[in-house]
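Number of protein chains: 2
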Amino acid sequence: MSLPPLNERAQQLLKALVERYISEGVPVGSRTLSQATPFSLSPATIRNVMADLEAMGLIHAPHTSAGRVPTIRGYRLFINQLLTMRSLDESQVDFLCGELRQASSSRQQLIETASQMLSHLTRFAGLVTLPRREHARLSQIEFVPLSGRRVLAILVMDDGEVQNRVLPVSRDYSGSELRKYSALLSEQLAGQEASRVRETLLAEMDKVRSDLNTLMREAIQLTEQALDAATPEPDLVISGQSNLVGLEDMGNLARMKRLFEAFETKRDILHLLDQSERAEGVQIFIGGESGYDPLEGCSLIAAPYHEQGRVVGYLGVIGPTRMPYDRVIPLVDITARLLGAAMSPTLESEL
Amino acid sequence: MSLPPLNERAQQLLKALVERYISEGVPVGSRTLSQATPFSLSPATIRNVMADLEAMGLIHAPHTSAGRVPTIRGYRLFINQLLTMRSLDESQVDFLCGELRQASSSRQQLIETASQMLSHLTRFAGLVTLPRREHARLSQIEFVPLSGRRVLAILVMDDGEVQNRVLPVSRDYSGSELRKYSALLSEQLAGQEASRVRETLLAEMDKVRSDLNTLMREAIQLTEQALDAATPEPDLVISGQSNLVGLEDMGNLARMKRLFEAFETKRDILHLLDQSERAEGVQIFIGGESGYDPLEGCSLIAAPYHEQGRVVGYLGVIGPTRMPYDRVIPLVDITARLLGAAMSPTLESEL
DNA sequence: TTTGGCACTCCCACTCCACGAGTGCCAAAC
DNA sequence: GTTTGGCACTCGTGGAGTGGGAGTGCCAAA
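Each protein sequence line maps, in turn, to chains F and U. Under the working numbering, residues 660 to 1010 are what the first sequence spells out, in order. Under the working numbering, residues 660 to 1010 are what the second sequence spells out, in order.
Dumping the calculated SDA-like pairs for lysine to any residue here, alpha-carbon to alpha-carbon at most 25 Å:
no.: 1; chain 1: F; residue 1: 839; chain 2: F; residue 2: 884
no.: 2; chain 1: U; residue 1: 925; chain 2: U; residue 2: 979
no.: 3; chain 1: F; residue 1: 925; chain 2: U; residue 2: 926
no.: 4; chain 1: F; residue 1: 916; chain 2: F; residue 2: 979
no.: 5; chain 1: U; residue 1: 839; chain 2: U; residue 2: 884
no.: 6; chain 1: U; residue 1: 916; chain 2: F; residue 2: 684
no.: 7; chain 1: F; residue 1: 674; chain 2: F; residue 2: 941
no.: 8; chain 1: F; residue 1: 916; chain 2: F; residue 2: 930
no.: 9; chain 1: U; residue 1: 925; chain 2: F; residue 2: 917
no.: 10; chain 1: U; residue 1: 925; chain 2: F; residue 2: 896
no.: 11; chain 1: U; residue 1: 916; chain 2: F; residue 2: 907
no.: 12; chain 1: F; residue 1: 925; chain 2: U; residue 2: 761
no.: 13; chain 1: U; residue 1: 925; chain 2: F; residue 2: 912
no.: 14; chain 1: F; residue 1: 916; chain 2: U; residue 2: 682
no.: 15; chain 1: U; residue 1: 839; chain 2: F; residue 2: 838
These are calculated hints, taken from the structure and not from any lab test.
Start from the sequences and build out the full structure, keeping to the hints where you can.
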């Protein structure tokens, strides 16, 4: 697969070509490149090199008498080895910081702000997954009676996250009865990780099965129902989709339609983001590289973000494959850090 | 403005023309119309009538030798006076019913399902506003201590709606202290309409101002903070936006971009929906009729939906102005009714 | 190994043209 | 007075043809 390593000159020429193509959006010819490059080589020499690069599948000519355009493999090599990052615009970082700080009172708001910032600062689409709450600790359970054989269950996590759900039940419960259950269970379960609660419940259930302690039994049943109902789908906040409408290099309408369908489904994009689990830093998916069709012509720049030192979600940017990676990558990186910091107030000194 | 009323024949011709244009999407000529119309008139006669219709601003020729296309005024007349509704497809109604029933356990789910159904059944974009909860009654207030001088306030409404918010506070509160406040306030406020609670609080505050009853004072202050924070923006759920991508008669990309920006902003569309407050039934906004630019080329079919006999929100469809009104209008109508029924379980017999 | 030269290819924008659909108008027919 | 057929006219559409320009590959000379 990987051919003999490129020599220095070929690398520099590829770099110049990709940069030029990204900034201009037009196939790059040998003449152009000979002017834009530091070693003064004649167009003819450059043509020879370009022929090699094409043979290696790094660049490609749309037609005989056009310049060259990077292939996906070319972009990949460029990003992995040749890209020199731009330093972040300080005013942008300040802006980002400020907006996140302002939104830091609510988790939901924080996520939405981060997504909007990503789209606003890149002029592409911003994505942020909602944080996984597996490791949050249960702090309190409340049951509230509703009319018509329904009970409202409220699970409060120690970080202020609240999940609630209406449970259909088989008989009416009084408020005071439910308060008893709440007290009973809060005592039993408070401080446990939500993911552990189920086990504890099962164990507890075993204990009381033969028992005639129906009170405890009902309490446990209610809680199980609540847990079942309250485990939410992982979700995704997308902003600035409209930025992608009418970008000339997003290709034809049919492709754009598929992309927007993917935005609505969310599922596949979430799945893709999860793949960046392995890596710690910024990950880049180019075009349909990952076998995911709707992203053809697009790239996804993604990074995990942390809370209390644990990866809880991902954020990123979707834009055309021909995007200024040198600006976008650092931006995604810093946004992930800042969001993490904003979500872990005790560790705010981290940055 | 409104010229002498059209005679029967002109009306029928206009009707035929609009129907034809909606189904074919191509300017309609006199020859075509003469074949498609019951009274057998020659093309020449029809041309005379069409000249009249054009003079009245009801139809319009894109260029000299093209057929005619309805103007906005033409569509308006068609919809108000000439349109014959199609009866609903029974299998569609069944489907709709089933999906809504399945989602009826959660309000949020119900809204999302309704929106998706609208977009799925029309193949355009579906909109549903979140229900206004002004008249919901407060059922319970809870405060939960969090780390770092933060308190979580939870407002539970009697219909199972829960609003919660993290409040930054000036000192740490203990759980037992907060429980006292909860009890105090729930007693005081439970059963009141949320919109009234603020008044009550103000009155109460007056009473205790000079008093040294700091407990009550703090409780009131916390509640006020919670109320301030918990009044959510009215929001809008949009589905099937991608259905509008690449619809040939949505015009150019720039227009589509504006439309998608409007979808992201939501505010203006919400505002527009609110205008249908006056009317009880289905309302139709054609193109930029309402002076709202981004909808140029589109129409909005909207209807209010009810809960317990009160209008609490709106739903509708956005599609190209050239849409099959005879199918979409009844669909929006029935969806509004079904959603209302699903949200008012006690009145389920309504349908 | 690099370079200049040269023939070649292909896209793009432009023009020209024929065709067809549809119109407006007029005079004849009903 | 209304309806109709006829006719000249207009205009968009699509295909063919054309010249220019950009860029290439290859070759022979430096």
